[in-house]
Amino acid sequence: MDFVPASERASGAEDLYLPRTVRTAVKILVVGHFAVGKTTFVGSLSEIRPLRTEETMTQAGALVDDLAGIDGKTTTTVAMDFGRLTLSESLVLYLFGAPGQQRFTRLWQDMTQGALGALVLADTRRLEQSFEVMGLLEEHGLPYAVAVNHFDGAPVHPEEEIREALDLLPETPLVTCDARDRASSTRALITLVEYLSKRTAPETVQEYV
Amino acid sequence: MTPPASRRDKGLVRPYVVTEGRSHPTRNTFDLVTLVMAHDDRPLGGLSPEKRALMELCLGGALSVAEIAGHLVLPVSVVKVLLGDLVDSGHLSTRAPIPSAQLPEAQILQEVLDGLRARL
Numbered sequence: 245m246d247f248v249p250a251s252e253r254a255s256g257a258e259d260l261y262l263p264r265t266v267r268t269a270v271k272i273l274v275v276g277h278f279a280v281g282k283t284t285f286v287g288s289l290s291e292i293r294p295l296r297t298e299e300t301m302t303q304a305g306a307l308v309d310d311l312a313g314i315d316g317k318t319t320t321t322v323a324m325d326f327g328r329l330t331l332s333e334s335l336v337l338y339l340f341g342a343p344g345q346q347r348f349t350r351l352w353q354d355m356t357q358g359a360l361g362a363l364v365l366a367d368t369r370r371l372e373q374s375f376e377v378m379g380l381l382e383e384h385g386l387p388y389a390v391a392v393n394h395f396d397g398a399p400v401h402p403e404e405e406i407r408e409a410l411d412l413l414p415e416t417p418l419v420t421c422d423a424r425d426r427a428s429s430t431r432a433l434i435t436l437v438e439y440l441s442k443r444t445a446p447e448t449v450q451e452y453v
Numbered sequence: 421m422t423p424p425a426s427r428r429d430k431g432l433v434r435p436y437v438v439t440e441g442r443s444h445p446t447r448n449t450f451d452l453v454t455l456v457m458a459h460d461d462r463p464l465g466g467l468s469p470e471k472r473a474l475m476e477l478c479l480g481g482a483l484s485v486a487e488i489a490g491h492l493v494l495p496v497s498v499v500k501v502l503l504g505d506l507v508d509s510g511h512l513s514t515r516a517p518i519p520s521a522q523l524p525e526a527q528i529l530q531e532v533l534d535g536l537r538a539r540l
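Chains as they are written, first to last, in our numbering: chain S, 245 to 453; chain V, 421 to 540.
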């Protein structure tokens with residue numbers, strides 16, 4: 245039987261369980277500061293209703309979120325949201341969304357361990373708040389790409405200005421996405437994975453213009 | 421944007437009761453994306469309510485450790501302790517994620533890329 249992605253199957257009901265043929269599970273992190281759209285991004289891509297797990301925070305990690313300029317966000321979560329994409333009959337990808345404040349928890353250790361890489365979501369209204377999580381990824385040696393999540397009413401800056409503001413390395417990919425849109429979010433993820441492939445096997449890469 | 425938080429019941433039982441006071445699993449082989457499969461030939465009698473719930477969930481098919489924690493609304497650290505016991509007792513087996521040292525990473529990344537492109 246040909247493999248049919250869960251998202252394209254006729255039945256409206258989601259498949260809770262993985263296909264029996266899945267052999268390999270990989271993970272990619274979706275990180276960024278509070279209210280940057282991580283949960284939305286994971287929700288747009290996941291074939292299952294996104295799940296959430298909560299872990300007890302240590303005292304050192306208990307930060308107070310800054311609500312300035314953020315409408316309608318009144319709760320603080322110390323949680324990880326995640327979703328699932330079955331990519332082939334043998335491979336499943338999990339997306340884990342979490343803020344950098346969780347670095348002191350076992351959950352953050354669990355998430356970063358063995359992850360292929362990370363997509364950093366950024367908000368042009370609060371670019372400086374992305375530094376913390378980018379620094380954390382660098383500490384863990386996790387490669388990342390940056391996706392600016394476009395919010396209605398947020399200022400639009402030329403790419404060069406954003407690169408400079410975020411102090412990105414020349415090779416770090418930077419894209420704009422709409423976390424509410426599945427295709428747009430998929431393209432952001434593809435940009436990250438293309439970058440990861442390029443880093444892994446530079447000798448096989450013919451031409452990258 | 422986080423959907424309106426439906427405050428889930430936290431339950432009245434503290435995590436350390438669920439795990440019988442232990443904070444570490446009997447084995448250290450569980451990653452968030454370790455895939456777990458239940459064996460349907462093991463008796464469920466005598467299992468604690470949490471282990472029974474875990475088994476009932478897993479008997480439906482394969483799930484990752486993270487999904488089990490999410491569905492059962494239990495912390496991952498607690499789920500790992502329960503999983504360790506259930507692997508020890510032969511109720512479950514796991515398919516570990518490929519250790520990153522052995523990962524044929526270029527191949528996996530290409531598969532991920534192909535899968536994502538096919539979704540566009």
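No wet-lab data here; the hints were simulated from the structure. It is possible that part of the hints are untrue.
[Claimed, not checked] Footprint (simulated), chain S over chain V, 3 or more residues, beta carbon under 8 Å:
#1 437-446
#2 458-468
#3 478-488
#4 495-502
[Stated by the list, open to error] Take a look, some chain S residues computed to stay more than 12 Å from chain V by CB distance:
#5 THR368
#6 ARG370
#7 PRO402
[Unchecked claim] To give an idea of the chain S side of the interface with chain V (calculated C-beta under 8 Å), a few residues:
#8 LEU260
#9 GLN357
#10 LEU433
#11 GLU438
It should be emphasised that the depicted structure is a prediction, and the values quoted were computed from it without experimental measurement. The beta carbon of each residue, even a glycine, is placed where N, CA and C say it ideally should be.
- Quick check: which numbered hints come out false for this structure? 1 and 2
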